[in-house]
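Peer 1: Sequence order for the protein chains is A and B.
Numbering-wise, the numbering used here puts 321 at position 61 of the first sequence, and it's gapless, one number per residue.
Numbering-wise, the numbering used here puts 353 at position 93 of the second sequence, and it's gapless, one number per residue.
These are computed hints drawn from the structure, not numbers from a lab.
Keep in mind that the hints are not guaranteed to be accurate.
Identical chains blur together in the list; that is why a pair holds if it fits in one copy or across any two.
[Stated by the list, open to error] In silico DSS-like cross-links for lysine-lysine, where the CA-CA straight-line distance does not exceed 27 Å:
| # | residue 1 | residue 2 |
| --- | --- | --- |
| 1 | Lys279 | Lys350 |
| 2 | Lys272 | Lys350 |
| 3 | Lys332 | Lys279 |
| 4 | Lys350 | Lys332 |
| 5 | Lys272 | Lys332 |
Below are the chains, spelled out letter by letter.
Number of protein chains: 2
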Amino acid sequence: MSINTYNCGSVKRLSELFKLLSEPNRLKILCSLGLECRPVSDIIEDTGLSQTNVSFHLRALRESELVHPERKGAFIYYCLPDPELLRLLKDFSDWMENHGSSNETITGKKKAAQ
Amino acid sequence: MSINTYNCGSVKRLSELFKLLSEPNRLKILCSLGLECRPVSDIIEDTGLSQTNVSFHLRALRESELVHPERKGAFIYYCLPDPELLRLLKDFSDWMENHGSSNETITGKKKAAQ
DNA sequence: TACTCATATGTGTTATCGCTCATATGTGGT
DNA sequence: ACCACATATGAGCGATAACACATATGAGTA
Chain A
261 MSINTYNCGS
271 VKRLSELFKL
281 LSEPNRLKIL
291 CSLGLECRPV
301 SDIIEDTGLS
311 QTNVSFHLRA
321 LRESELVHPE
331 RKGAFIYYCL
341 PDPELLRLLK
351 DFSDWMENHG
361 SSNETITGKK
371 KAAQ
Chain B
261 MSINTYNCGS
271 VKRLSELFKL
281 LSEPNRLKIL
291 CSLGLECRPV
301 SDIIEDTGLS
311 QTNVSFHLRA
321 LRESELVHPE
331 RKGAFIYYCL
341 PDPELLRLLK
351 DFSDWMENHG
361 SSNETITGKK
371 KAAQ
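Throw the hints in and build the complete structure from the sequences for me.
Peer 2: Below you can see the structure in the form of structure tokens.
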């Protein structure tokens, strides 16, 4: 057992978290946010997504508290309440690179190495 | 920039990885695998999923090289080629706990464990 | 008050996903 | 060769997700 059984109790919640991160545009939004709080308009410009779409994804992120809104006048600034999340994303990203097996890529994009 | 811009180049691939992990049953399968190589029959018993369903998910995991099959007689053993993945999962799981915000739980369903 | 800008929300459409059923493939034993 | 068992695969169905459109809310300003 030990690490084998792993934390399978929280699989449900864990999968919900991953589901949130499994949407490229939502990831983009999180990345665009980075460590700063930014108004939606910035995110829109940054990601190139439609206003509706950004708002749509922000809702999902907000409801699971991955981001958190702050009014400032007419603008609403979104922040990552826990920037540690970025580190986790980076860990995964790095792992993917080294995983070497390489082409995760369903998209057919192949990369040289690390 | 720095961590802000993050690795937004590989957002696509990262999201694909997360999509794989966003399915509770796929997560269960990975957990059930743990560090050992195990035949499909074990996974089926362990997870309580149907044979077809397990096979279905194994295909997805296999095709992205998150697991890797090894024939042994009539049986096919599946392994995690890179157990580091389990650590990443654990990191996320831990983060979720501490994230405190608590109820990720979009479904509103609160669960102790099982 | 009315008008503008920033953002959110409800509805409907389309695509994708997870699952199951039935069946196929592959392996070992007789 | 046949049979039993382990696993994989393809087709089809129902649920859900992402998106756009139109519209609503809410803040600021005049």
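Peer 1: A separate judgement is required for each hint: does it hold in the structure or not?
Peer 2: Hint check:
1. Taking the closest pair of Cα atoms, lysine 279 and lysine 350 come within 27 Å of each other both inside a single copy (17 Å) and across two copies (16 Å).
2. Taking the shortest alpha-carbon separations for lysine 272 and lysine 350, both the intra-copy value of 23 Å and the inter-copy value of 14 Å come in at or below 27 Å.
3. In this homomeric assembly, lysine 332 and lysine 279 never come within 27 Å of each other (Cα to Cα): the closest approach is 30 Å inside a single copy and 34 Å across copies.
4. For the homomeric pair lysine 350 and lysine 332, neither the shortest alpha-carbon distance inside one copy (30 Å) nor that between copies (37 Å) is at most 27 Å.
5. Taking the shortest alpha-carbon separations for lysine 272 and lysine 332, neither the intra-copy value of 35 Å nor the inter-copy value of 32 Å comes in at or below 27 Å.
In this structure, the earlier hints numbered 3, 4 and 5 are contradicted, and the remaining ones agree with it.
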